[in-house]
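Asks: The sequence shown begins at 1 in my numbering and counts up by one.
Treat the hints with caution; some may be incorrect.
[Claimed, not checked] Quick list of the computed label-pair ranges, beta carbon to beta carbon:
1) S176 x Y2: 12 to 22 Å
2) R93 x D22: 42 to 52 Å
3) V182 x D94: 30 to 40 Å
4) D94 x S176: 36 to 46 Å
5) E145 x S176: 15 to 25 Å
6) E20 x R78: 32 to 42 Å
7) R183 x G92: 14 to 24 Å
8) P39 x D65: 33 to 43 Å
9) D64 x R93: 16 to 26 Å
10) E11 x R78: 31 to 41 Å
None of these hints come from the bench; they were simulated from the model.
Predicted model, so just to flag it, every value in this text is computed and none were measured.
A virtual CB, placed ideally from N, CA and C, is assigned to each residue, including glycine.
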Amino acid sequence: MYFAALLARTEDGWEASDTELDDVETLSDLAELAREASPEDDTVLVLIEQEDAWFGVVRIDGEDDPRIYVSDAAAAARSSYGEILLTAELLGRDPDADEPDLDALDLDGTEDGESDSDTDADSDDDEETGAPADAVPHGPVGDVEILDDLGVGKKELSALDADDALGAIAEALGASEVLETVR
1 MYFAALLART EDGWEASDTE LDDVETLSDL AELAREASPE DDTVLVLIEQ
51 EDAWFGVVRI DGEDDPRIYV SDAAAAARSS YGEILLTAEL LGRDPDADEP
101 DLDALDLDGT EDGESDSDTD ADSDDDEETG APADAVPHGP VGDVEILDDL
151 GVGKKELSAL DADDALGAIA EALGASEVLE TVR
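Model the full assembly from the supplied sequences, consistent with the hints where possible.
Replies: Here it is as structure tokens:
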């Protein structure tokens, strides 16, 4: 189960709306959805909570690139909504590395029907740590200063539990009542 809401800052305060993420497939789609919530290019926060396991905040300020914070990247990676937020850049990876370089592929003959049991030694594991090279870190990733200017510092943000984080953020913003109306 997940909960997602948009908080748009207006001259009259915060306005909240719940949102369905079923049609959102990329971070660009999410940013566009957020921008539609604020025709004046005001700040819009997308708050996402997944089964009290993790939460995410995406901040859109006008046409600026989205800023993202995810409380637990490993938990979010197991969610289709979390995968939207976990971009290569957020995880500290080369964005172009997501697309395989066909010239660099090790074609060892297994594509011709040979058994791949002989090639198990060639894995994606990091030889020094034994961890998969594309492993997602446990714990928070992203911009810990995403809400600093709105009253939630990096220490407070990092200390939030997933089960009450969105409420605590909304309270700090003075938007708890409007968030509760869409919850």
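Asks: Hints first: check each against the structure and report whether it holds.
Replies: We went through each hint and held it up to the structure:
1. S176 x Y2: 12 to 22 Å: holds, 20 Å
2. R93 x D22: 42 to 52 Å: violated, 27 Å
3. V182 x D94: 30 to 40 Å: Cβ of V182 to Cβ of D94: about 38 Å, so the range 30 to 40 Å holds.
4. D94 x S176: 36 to 46 Å: holds, 40 Å
5. E145 x S176: 15 to 25 Å: With Cβ atoms ~22 Å apart, the hint holds.
6. E20 x R78: 32 to 42 Å: Given range 32 to 42 Å: violated, Cβ gap about 20 Å.
7. R183 x G92: 14 to 24 Å: With a Cβ separation near 33 Å, R183 and G92 fall outside 14 to 24 Å, so the hint is violated.
8. P39 x D65: 33 to 43 Å: With Cβ atoms ~19 Å apart, the hint is violated.
9. D64 x R93: 16 to 26 Å: holds, 22 Å
10. E11 x R78: 31 to 41 Å: holds, 40 Å
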